[in-house]
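Residue numbers (our numbering), protein chains in the order written: chain A, 1042 to 1398; chain B, 853 to 1101; chain C, 7 to 186.
Take the hints with a grain of salt, since some may be wrong.
[Said to hold, decoys possible] Just some of the chain B residues that point at chain A, by a computed CB distance under 8 Å: (1) Pro-937; (2) Thr-981; (3) Gln-984.
[Claimed, not checked] Listed next, the stretches of chain A that the computed footprint assigns to chain C, with coverage defined by at least 3 CB atoms under 8 Å from CB atoms of chain C: (4) 1213-1226; (5) 1374-1387.
By construction, these hints were calculated from the structure, which means they are not laboratory data. This one's a predicted model, so the numbers in the text were calculated from it and none came from an experiment. Ideal Cβ positions, reconstructed from N, Cα and C, are used throughout, including at glycine.
What follows is the residue order along each chain.
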Amino acid sequence: MGKKVLMKGNEAIGEAAILAGCRAYFCYPITPQTEVAEYLARRMPEVGGTFLQGESEVAVSYMLFGAGGAGVKVFTSSSSPGISLMAEGMSYIATAELPIVLINVMRNGPGLGGILPAQADYFQATKGAGHGDYHFIVLAPSSVQEAVDLIVKSFDMAEKYSNPVMLVADGMIGQMMEPVELPTFDEPPSPYVKGHEKWATTGAKGRERNLVKTLFLNPHEGQDHNVKLQTKYKEIEANEIAFEEIDTDGDLDVLLVSFGTMARVCKTAMESLKAEGVKVGMLRPISLWPFPLQRIRDLADKTKLVVSVELSMGQMVEDVERAVQGKTPVGFFGRAGGIVPTPDEVKDGILNLMKES
Amino acid sequence: MATTVFKRPESMSTNITHYCPGCTHGIVHRLVGEVLDELGLRERAIGIAPVGCSVLCYNYFNIDFQESAHGRAPAMATGIKRTRPDTIVFTYQGDGDLASIGTNELIHAANRGERITTVFVNNAIYGMTGGQMAPTTMPGQVTTTCPMGRDVQTMGHPLRVSEMLATLKTPSYIARVAVHKPSYVIEAKRALKKAFQYQVEGRCYSLVEFLSTCPTNWAMTPSQSTKWLEDTMLPYYPLGEFKTPDEEE
Amino acid sequence: MQNEVVIAGFGGQGVLSAGQILAYSAMAEGFNVVWLPSYGPEMRGGTANCSVVVSDQPIASPIIPHPGAAIVMNNPSLERFGPAVKAGGIIIINTSLINIKCQRDDVTQINIGANQVAMDLGNGKAANMVILGAYVAATKAVSFDVLKATVREKFARKPQFEELNMRALDAGFELAGKQM
Ligand SMILES: Cc1ncc(C[n+]2csc(CCOP(=O)(O)OP(=O)(O)O)c2C)c(N)n1
Ligand code: SF4
């Protein structure tokens, strides 16, 4: 690790991609993440990489498809409406098993909505925005440092599983400045995906030709490909579940489940809940897909109430219910429209839910 | 007895616009309002707002409006006009909205000859998102996503939308105008009135491109902007009518 | 130890950069810090604000509805953030541009004619430095020497402003010191 620098989330996100070896970035401007593009417009040429602003997010998603299919580490960033436009491409990219990385700096929706922080793209990210049975690995940082670390890790995971990885942050993480330690490497990571020679289109010189495609007209072939994808997803579920636990030792009155910016607000709210004598713990999912189902299920045994706290009208709560399986009451507290609740509002919300349950 | 020589068009509202000082979006709005009034179209008109600085343009008009997704206005206008043929439908779009993300919808609405009118505001930059490159950005022009200036070797030359659309056989009227000086404003209004008049007559697609200023993101004063538009944009984007109904077969 | 401040004013008054300088100084001293700007439609309206949280602990919520201090550079900022400051907190008021009264009697009010002081020093733009010096005098959120070193570093490419900035910081520091 290098020395600490103070960086804006969006700029740190761009720098992290470069440190991870990525030399190809395609984008379309959209608030609140445009600074990633503006940063990389300067940085990519400095490191000999490719920066291109496409004509739309639809086009960008296929620029990723193309570059990813050519075995290059490729990255994009966008925000909610832009990710919706990439949904078609995501289905194709996941089917073609291309190791691309993207980040959704979420803003409030639906529709044009606004540009303030939100987490209402949880379903879109974890349940699949596009058509078909596919999964992106989905990771949710809650600080600028974690965004940097997870981006670097994402390129490795994408490469390891030949699977796209999507980070979900929110406008707050994109806009705020925090000190970060940028990772350093003894050997700079390659801009190419390891082992790409076996599948990528680089020109069939001295080898069998490679084909990147998603059409399976023969139903058996189609089924086989789906089974292959599901086998890979099972492996990811077995290996890559990540979360942070705070104060979950012993019996609890309430267990909070919250991610990203919302989890930080919860941490402050926990202090005031404890001051009022509430035994409160939190599980903060870092991987949203795969989701820490089993761990939440285990914790549900020793708490009176589980509450999913989100910047949405209630999305992750469905996965929390799936985890808890009716063993313990599950409540929900959330805000929408770009409103980030204060720690006090969260505290009051939790106390109300405790009274009701 | 006093006579009224100047008043707010009926088609416009009393709200004060949110545009930056020296931005010409407001002048274009005013022309749209005057033309709708003069042609007696207020109660038939339906506007489509884009996504861009003018996303809130419906606040400044007193006519029906729909708000589009970024770039999709011509398709929405198509949906309205095809199902309500007696209405007068126009899209109001910036150059990022129309010439980048929405080129597809634009070209096909024009080529199908949709009986709609497009008010196209070309300010050579993305305004709302804070000054990124647009397809219409001038060679060498500095924006936040081309910090060294637009390099035509990697980004091509600015897109001349009006000339491109004029190659299509179907549209009835395509013109480019400017509004940075009063004499130009008079010409601009004449062109806009024709465009709407042709729609009233049931003719095919019409579009008027307005060369416009964005002092904020050009990082200029309003008067510097006017000069830059005149010196840099005008020579590349010539004014005039590129297609008129007379050429229609 | 946790210090929170909201810095608010018109766009162009340098409130965002004042906050960043404070954040850099805090980091240089080894503190945890979060700098959070207001972003969104309100920027077009011409007002800007940012909050800076400095702590010796990891910082949980970056959103501080009731900060320990507010620096207000114009009337709308005082109206908005004056009532938000914690009881016992500090409000630093730019009296050059604020002509309304702050109604709080449970906070320490420090009056600094930041624009006037900066203009007297030769450049009204240094008003944000005057007020930053005052803030550090009033709160000791970071050491004054580190603050000055940070400003020097951040303006390394514009050495012509160094002396002005140093004098502006000193002036604010002294004026606030006298009122404490
Ligand atoms: C799908 C999608 N992508 C990106 C955006 C972000 N966005 C909003 S306005 C805009 C550009 C507007 O520029 P322009 O059309 O030139 O209009 P101006 O603001 O200059 O008037 C962009 C990219 C969005 N709202 N939706
Ligand atoms: S940013 Fe540009 S286009 Fe938008 S209102 Fe301001 S001057 Fe007009």
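- prompt: Hint by hint, which ones does this structure get wrong, listed from lowest number up?
  reply: The structure conflicts with hint 1 only, although it agrees with all the remaining ones.
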